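Chemist: Residue numbers (the working numbering), protein chains in the order written: chain E, 5 to 66; chain U, 29 to 481.
Hints are computed from structural coordinates only; laboratory data are not their basis.
From a predicted model like this one, the values you see are computed outputs, not experimental measurements.
Hints should not be assumed to be uniformly reliable.
Rough simulated footprint, nothing fancy, chain U against chain E, three-plus residues with beta-carbon under 8 Å [unchecked claim]: (1) 17–25; (2) 38–45; (3) 49–60.
Just the calculated beta-carbon pair ranges, DEER-fashion [what the hints assert, rightly or not]: (4) T74(U) <-> F64(E): 28 to 36 Å; (5) P10(E) <-> S97(U): 55 to 63 Å; (6) E61(E) <-> D414(U): 36 to 44 Å; (7) P62(E) <-> P281(U): 33 to 41 Å; (8) E26(E) <-> E356(U): 22 to 30 Å.
Going by beta-carbon spacing under 10 Å, a handful of chain E positions derived as facing chain U [claimed, not checked]: (9) R28; (10) Y33; (11) G63.
Backbone N, C-alpha and C fix where the C-beta goes; we use that ideal spot for every residue, glycine too.
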Amino acid sequence: MPEPTPDISMDEALETLRSQAEARWGADYVQERQDLLELAASYVVNVGNNLPDVETEPGFYQ
Amino acid sequence: MAQPHTLSVSQAAEQMRGGQLLPSDYANALLERIDAHEPDLQAWVTIDREAVISDARQREQELEAGSDSRIMTGVPVGLKDIFYTAGMKTTACSRIYAEFVPEYDATCVTKLKEAGAIVMGKAVTTEFATSDPSPSRNPWNREHTPGGSSSGSSVAVAAGMCPAALGSQTGGSTCRPAAYNGIVGLKPTYGRISRYGVVPVSWSLDTVGILVRTVTDAAILLQAMAGYDENDPGSAEEPVPDFLQQMDRHAGPPRLGLLKTGYFFDRSTPEVRQHTEAVAAQLAQAGATVIDIDLPDSFSTAPDVQRIVMNVECAAFHEPYFRHRADEYGPRLRANIEMGMLIPSVTYLQAQRLRREFRRDLTAVAQQVDALLMPATPAPAPRDLDTTGDAAFQAPWTSAGLPTVVVPSGVSESGLPLGVQFAAAPFDEGRLLGVSRWCEQALDLDLRPPDYN
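Build the full structure now, drawing on both the sequences and the hints.
Modeler: Take a look at the structure:
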């Protein structure tokens, strides 16, 4: 299988999370929970840019 | 003769089998101790005194009839208040479950009873076994956190209110409070003990934990509870060995891999780093072979992977309640649930894929030695009742599903307990416990909180 080339940026991840949060809980939430959104975005970026081998399937119950 | 509250599980069980200690006297002594110290320490949610005494008398009759040779006959065990107990409230220390009375016992509770144990009561947990601090206090210094989420279970064992208690671990909720309170904690391999009848945090991470005062006691409780359960989708169909026998097979000086570079030492205070190196030197002096071991590259994403999986699965469980009752949740849990709702499904699945690689890599590292050795926590219990401390040294092992044991290893300059943590390959608890017991004996400590000795 061809190898993927991930390059998710922090800005991109944060913007996606902000718009989802605003749709769920409103603009105030986005203002108040900036730290939470940035933390979540950092997880998305770290995982999205360090993908496992392309043939690895999820483990779930290991 | 030793005071009843100082007895370990194995000592108490032996004395009761031998007729030197009556189960009802033992239970009464522990209930009196709870009465004396509960106002200070706040370790318990529910105690049914009549049931405790009635069960103890029942065990007494069975012992007198000579018909009882079970491994835990008459031993009272505390249960974190997320374990279902038929007819007794299981609140998860939450407003959502405040009035919940299960109709059945959790499988592990049933197994403890089958081994002769008595349910002492339900111990305080942080709300839904997550991160909003509980009211429990650390018996070593009440101004410091006892850790969480198995806070009441750890405090109760450390203060001699019961010789053993059940906790659980999704991040660091068994082994971290064990370290903060100066007791032994065992997080078995994921799937080793059934989670059926345990209020979940995260289905693919949750592991039943054991809190006791000796490594041998951890093996006794593991023996009582381990085994496949068709009611738990995560339950492993692994044979259950005789753990005490396996410990004896690994009773010699072990080969230890010290995780000295990177993650664990980088995050530790200078005091914890020096202490862990001193412990490794002491164990080497006693005959252990200690080598330095590096962590696999896949460790770099492990903490974030654990948080993603935990928060998304936590959100999935709570979503039906949270939709209408968000205001009834504590602020940290609420934030975790909200984050879980926002994490993209693709990210969750990538995290689960990374976990699989991480488990494979970490297993290969663990198989190089009898056990891996590291500090149990980055620092002693923080002087802050608004936190449960740092789970960074437990979460990667929970994520990989590998078994870990925390053993008390000293006291900090501030008078708080310090511990070391051992880890082994999946389903190798017999070796892990044997190594941990060897180290426990080599360190030869008897740590007890000074004000609750």
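Chemist: State for each hint whether it applies.
Modeler: Hint-by-hint comparison with the structure:
no. : hint                           : in the structure
1   : 17–25                          : holds (count 4)
2   : 38–45                          : holds (count 4)
3   : 49–60                          : holds (count 8)
4   : T74(U) <-> F64(E): 28 to 36 Å  : holds, 34 Å
5   : P10(E) <-> S97(U): 55 to 63 Å  : holds, 59 Å
6   : E61(E) <-> D414(U): 36 to 44 Å : holds, 41 Å
7   : P62(E) <-> P281(U): 33 to 41 Å : holds, 40 Å
8   : E26(E) <-> E356(U): 22 to 30 Å : holds, 24 Å
9   : R28                            : holds, 7 Å
10  : Y33                            : holds, 8 Å
11  : G63                            : holds, 4 Å
When the structure is compared with the earlier hints, no violation turns up for any of them.
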